[in-house]
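Enquirer: Sequence:
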Amino acid sequence: MAKGYWVSVYPAISDPEGLTAYDRLAGPAVQAGGGRLLSLLPSRGGRVVAHEAGITQRVVLIEFDSLEQAVAAYESEAYQKALVALPDGFERDFRIIEGID
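Under UniProt numbering, the first residue of the sequence shown is numbered 1, with each subsequent residue one higher.
Note that these hints are calculated values from the structure, not bench results. From a predicted model like this one, the values you see are computed outputs, not experimental measurements.
FRET-style restraints, in silico, Cβ to Cβ:
{"id": "1", "residue 1": "His-51", "residue 2": "Arg-95", "range": "19 to 29 Å"}
{"id": "2", "residue 1": "Ala-21", "residue 2": "Leu-41", "range": "19 to 29 Å"}
{"id": "3", "residue 1": "Ser-14", "residue 2": "Asp-65", "range": "28 to 38 Å"}
Glycine included, C-beta positions come from ideal geometry on N, C-alpha and C.
Between the sequences and the hints, there should be enough to build the whole structure, so can you do that?
Expert: What follows is the structure, encoded as C-alpha coordinates:
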(Lines of atoms letter the chains of each structure in order from A; the text may use other names.)
(Lines give C-alpha, C1' and ligand atoms only; values in the text may rest on other atoms or scores of the structure.)
Protein backbone atom coordinates (compact mmCIF):
# COMPACT_ATOMS: atom_id res chain seq x y z
CA MET A 1 0.00 0.00 0.00
CA ALA A 2 1.29 3.46 -0.87
CA LYS A 3 2.09 5.79 2.00
CA GLY A 4 0.35 9.12 2.52
CA TYR A 5 2.12 12.42 3.17
CA TRP A 6 1.30 15.84 4.51
CA VAL A 7 3.35 18.49 2.77
CA SER A 8 3.21 22.02 4.15
CA VAL A 9 5.08 25.04 2.87
CA TYR A 10 4.87 28.38 4.66
CA PRO A 11 5.75 31.15 2.17
CA ALA A 12 4.90 33.90 4.67
CA ILE A 13 5.06 33.88 8.47
CA SER A 14 4.91 37.33 10.03
CA ASP A 15 4.95 35.99 13.61
CA PRO A 16 7.00 32.77 13.93
CA GLU A 17 6.52 32.73 17.71
CA GLY A 18 2.77 32.68 17.11
CA LEU A 19 3.03 29.15 15.70
CA THR A 20 3.98 27.79 19.13
CA ALA A 21 0.39 27.11 20.25
CA TYR A 22 -0.34 25.36 16.94
CA ASP A 23 2.85 23.28 17.17
CA ARG A 24 2.01 22.15 20.73
CA LEU A 25 -1.39 20.87 19.60
CA ALA A 26 -0.48 19.63 16.12
CA GLY A 27 2.45 17.43 17.17
CA PRO A 28 0.46 15.13 19.48
CA ALA A 29 -2.49 15.11 17.03
CA VAL A 30 -0.20 13.98 14.19
CA GLN A 31 1.40 11.28 16.35
CA ALA A 32 -2.00 10.04 17.55
CA GLY A 33 -3.06 9.78 13.91
CA GLY A 34 -0.03 7.64 13.05
CA GLY A 35 2.07 10.38 11.46
CA ARG A 36 5.86 10.55 11.55
CA LEU A 37 7.65 13.87 11.14
CA LEU A 38 10.27 13.47 8.40
CA SER A 39 11.31 17.08 7.92
CA LEU A 40 10.83 20.48 9.49
CA LEU A 41 13.11 22.93 7.75
CA PRO A 42 14.77 25.36 8.12
CA SER A 43 13.86 25.69 11.81
CA ARG A 44 15.35 23.10 14.20
CA GLY A 45 18.76 23.62 12.63
CA GLY A 46 18.18 21.69 9.41
CA ARG A 47 20.12 22.68 6.34
CA VAL A 48 18.50 23.78 3.10
CA VAL A 49 20.13 23.83 -0.32
CA ALA A 50 17.78 25.90 -2.45
CA HIS A 51 17.73 25.76 -6.25
CA GLU A 52 15.59 27.34 -8.95
CA ALA A 53 13.71 30.17 -7.19
CA GLY A 54 16.01 29.86 -4.18
CA ILE A 55 13.22 29.92 -1.60
CA THR A 56 14.11 28.58 1.86
CA GLN A 57 10.85 28.99 3.76
CA ARG A 58 9.57 26.55 6.38
CA VAL A 59 8.71 23.13 4.91
CA VAL A 60 7.09 20.31 6.90
CA LEU A 61 6.90 16.71 5.63
CA ILE A 62 4.93 14.09 7.59
CA GLU A 63 4.55 10.44 6.58
CA PHE A 64 1.57 8.15 7.25
CA ASP A 65 1.11 4.47 6.42
CA SER A 66 -1.59 5.33 3.85
CA LEU A 67 -3.37 8.23 2.20
CA GLU A 68 -6.52 7.28 4.11
CA GLN A 69 -4.67 7.50 7.42
CA ALA A 70 -3.28 10.92 6.43
CA VAL A 71 -6.76 12.22 5.58
CA ALA A 72 -8.24 10.80 8.79
CA ALA A 73 -5.52 12.46 10.87
CA TYR A 74 -6.25 15.82 9.22
CA GLU A 75 -9.98 15.43 9.85
CA SER A 76 -9.49 14.31 13.47
CA GLU A 77 -10.91 16.38 16.29
CA ALA A 78 -7.43 16.85 17.79
CA TYR A 79 -5.95 18.26 14.58
CA GLN A 80 -8.97 20.47 13.94
CA LYS A 81 -8.32 22.04 17.38
CA ALA A 82 -4.72 22.66 16.32
CA LEU A 83 -5.90 24.44 13.17
CA VAL A 84 -7.93 26.87 15.29
CA ALA A 85 -4.69 27.79 17.08
CA LEU A 86 -2.95 28.90 13.87
CA PRO A 87 -2.13 32.60 14.21
CA ASP A 88 -3.12 35.41 11.91
CA GLY A 89 -0.47 36.64 9.49
CA PHE A 90 0.75 33.39 8.02
CA GLU A 91 0.33 31.79 4.64
CA ARG A 92 0.49 28.03 4.16
CA ASP A 93 0.29 25.67 1.20
CA PHE A 94 -0.91 22.35 2.67
CA ARG A 95 -1.39 19.17 0.67
CA ILE A 96 -2.13 15.54 1.40
CA ILE A 97 -0.56 13.35 -1.27
CA GLU A 98 -0.23 9.65 -1.99
CA GLY A 99 3.25 8.21 -2.32
CA ILE A 100 4.45 5.79 -4.95
CA ASP A 101 4.77 2.11 -4.02
